[in-house]
Amino acid sequence: GAGVSQTPSNKVTEKGKYVELRCDPISGHTALYWYRQSLGQGPEFLIYFQGTGAADDSGLPNDRFFAVRPEGSVSTLKIQRTERGDSAVYLCASSQDRAETQYFGPGTRLLVL
Amino acid sequence: KQEVTQIPAALSVPEGENLVLNCSFTDSAIYNLQWFRQDPGKGLTSLLLIQSSQREQTSGRLNASLDKSSGRSTLYIAASQPGDSATYLCAVRISPGTYKYIFGTGTRLKVLA
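Going line by line, the protein sequences match chains S and E. Position 87 of the first sequence, counting from 1, maps to 87 under our numbering, and the rest follow consecutively. Position 107 of the second sequence, counting from 1, maps to 107 under our numbering, and the rest follow consecutively.
Source of the hints: derived by calculation from the structure; they are not laboratory data. A few of these clues could be false.
To be verified - Keeping only pairs whose Cα atoms sit at most 35 Å apart, straight-line, the calculated DSBU-like set for lysine-lysine is:
id : chain 1 : residue 1 : chain 2 : residue 2
1  : E       : K1        : S       : K11
2  : S       : K17       : S       : K78
3  : S       : K17       : E       : K110
4  : E       : K68       : S       : K11
5  : E       : K110      : E       : K1
6  : S       : K15       : E       : K68
Looking at chain S on its own, in the form it has when it is part of the complex (with noise of 0.2 Å):
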């Protein structure tokens, strides 16, 4: 069956410029959350969606930053005046409700240069 899957696979973009990343999830889960990974870390949680609400953002780093999911479905995390700092892996997981076990997809490898 589908996973979940995240577009672009990879994006390098230029300081300053806004990026849009996408997650679809498993179809009928209602948990989505995103991640960012940095090179030899660990993910790093940026925000929670439960439906079409995002039921904890505390995550995001700063206001460049902003996720939606608009129809609790397929959500886009949006990166304002990126910087080269921001360069991460950025992880969607999706899960069944409140269910514990996150189904990942494979992340978007995003360069800023």
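Got chain S sorted already, so can you dock chain E onto it with the hints?
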């Protein structure tokens, strides 16, 4: 502030060995702990989840234990195989009110044929 540490950072063993990966956390007030596997360029796969009230969980050749009072968890892999080669991450969920997981930096395991 909860911090999660994994030792060793990297481990190389011959096929067939039993091995132990360590995870320690600074605040014993956790809700649960999960062990994940990450293959290069891929997302994470959940291996075992231990609730705070449990002492251990087993799945096949994997056994995870939890000692909350000492802030430690171990992942035991029996009869290691080359296919076990991956990065193993532990993550703690700090309370039932948040779905935020705090990850360690992982242990890179290589099992030699």
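Hint-by-hint comparison with the structure:
no. : hint              : result
1   : K1(E) to K11(S)   : holds (33 Å)
2   : K17(S) to K78(S)  : holds (11 Å)
3   : K17(S) to K110(E) : violated (39 Å)
4   : K68(E) to K11(S)  : violated (41 Å)
5   : K110(E) to K1(E)  : holds (32 Å)
6   : K15(S) to K68(E)  : violated (44 Å)
Taken one by one, the earlier hints fail for this structure at numbers 3, 4 and 6, listed in ascending order.
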